Amino acid sequence: GDSVTQMEGPVTLSEEAFLTINCTYTATGYPSLFWYVQYPGEGLQLLLKATKADDKGSNKGFEATYRKETTSFHLEKGSVQVSDSAVYFCALSVYNFNKFYFGSGTKLNVKP
Amino acid sequence: ETGVTQTPRHLVMGMTNKKSLKCEQHLGHNAMYWYKQSAKKPLELMFVYNFKEQTENNSVPSRFSPECPNSSHLFLHLHTLQPEDSALYLCASSQDTGDLYGYTFGSGTRLTVV
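Line by line, the protein sequences are chains A and B.
What the first sequence shows, in the working numbering, is residues 1 to 112, in sequence order.
What the second sequence shows, in the working numbering, is residues 1 to 114, in sequence order.
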């Protein structure tokens, strides 16, 4: 069935380090892919999305490219800040089947 | 300002109490959702409403009772809860179910059952 798998955390980085959080998916149909971010004490916020293969979503310095050949949507940022500390969720939506799936979340800790 | 407003932000209730969580959106979305987020566990989808009709109930205990009077409002009525029901309850909305453009979440209600 449809699912999303993302790397387990926590991921701990120093400020200005390069970030990669891996996400792979399985899906029937043609999914859209998303990254959501949850800051402490808050709900989830849409960070970026890509609706078709080879699309690159980007926002706030974060990027992810929809790779159909590797069924991946890895999240990257060139230089993280302390304020990026949060939990990041990968997700997919399969419109024709009215389904939306979240990964288990990856906690990112950025130290000054 | 997320577009989806949940009240209250925090709630402490005894196991014999009855309380309700409220969710409101004015985004023109037709689908609304309740999720449960417990510590160290994945997000759990509880209920889905599309055009005010419940389309999904993921084996949620009957002590949780949803209500969707219109496409803008969603409630979660709580009664006779257990301590393990303590969690962050998140409401979300989307244009329709399986929205290709993503969900909009509220900030959640932090529920503690004592």
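A hint or two may mislead.
[What the hints assert, rightly or not] Computed list of lysine-lysine pairs in DSS-like fashion (alpha-carbon distance at most 30 Å, straight line): (1) A:Lys77 with B:Lys52; (2) A:Lys111 with B:Lys52; (3) B:Lys36 with B:Lys19; (4) B:Lys19 with A:Lys68; (5) B:Lys18 with B:Lys52; (6) A:Lys107 with A:Lys68; (7) B:Lys41 with B:Lys52; (8) A:Lys77 with A:Lys60; (9) A:Lys111 with B:Lys41; (10) A:Lys77 with A:Lys52; (11) A:Lys60 with B:Lys41; (12) B:Lys52 with A:Lys107; (13) B:Lys18 with A:Lys77; (14) B:Lys22 with A:Lys77; (15) B:Lys18 with A:Lys107; (16) B:Lys36 with B:Lys22.
These are calculated hints, taken from the structure and not from any lab test.
These numbers were taken from a predicted model, which means no experiment stands behind them.
Verification of the hints:
1. A:Lys77 with B:Lys52: violated, 40 Å
2. A:Lys111 with B:Lys52: Status violated; Cα separation ~45 Å.
3. B:Lys36 with B:Lys19: Between lysine 36 of chain B and lysine 19 of chain B the Cα gap is close to 16 Å, so the pair holds against 30 Å.
4. B:Lys19 with A:Lys68: Since the Cα atoms of lysine 19 of chain B and lysine 68 of chain A sit roughly 46 Å apart, the hinted pair is violated (cutoff 30 Å).
5. B:Lys18 with B:Lys52: Between lysine 18 of chain B and lysine 52 of chain B the Cα gap is close to 23 Å, so the pair holds against 30 Å.
6. A:Lys107 with A:Lys68: Holds: lysine 107 of chain A and lysine 68 of chain A sit about 25 Å apart, inside 30 Å.
7. B:Lys41 with B:Lys52: Since the Cα atoms of lysine 41 of chain B and lysine 52 of chain B sit roughly 29 Å apart, the hinted pair holds (cutoff 30 Å).
8. A:Lys77 with A:Lys60: OK: lysine 77 of chain A and lysine 60 of chain A at ~9 Å, within 30 Å.
9. A:Lys111 with B:Lys41: At roughly 25 Å apart (the allowed maximum being 30 Å), lysine 41 of chain B and lysine 111 of chain A satisfy the hint.
10. A:Lys77 with A:Lys52: Cα-Cα ~21 Å, so holds.
11. A:Lys60 with B:Lys41: holds, 27 Å
12. B:Lys52 with A:Lys107: violated, 35 Å
13. B:Lys18 with A:Lys77: Status violated; Cα separation ~45 Å.
14. B:Lys22 with A:Lys77: violated, 36 Å
15. B:Lys18 with A:Lys107: Outside the cut-off at roughly 34 Å; violated.
16. B:Lys36 with B:Lys22: Given pair lysine 36 of chain B, lysine 22 of chain B holds - Cα atoms ~14 Å apart, limit 30 Å.
Checked against the numbered hints listed earlier, the structure breaks hints 1, 2, 4, 12, 13, 14, 15; every other hint is satisfied.
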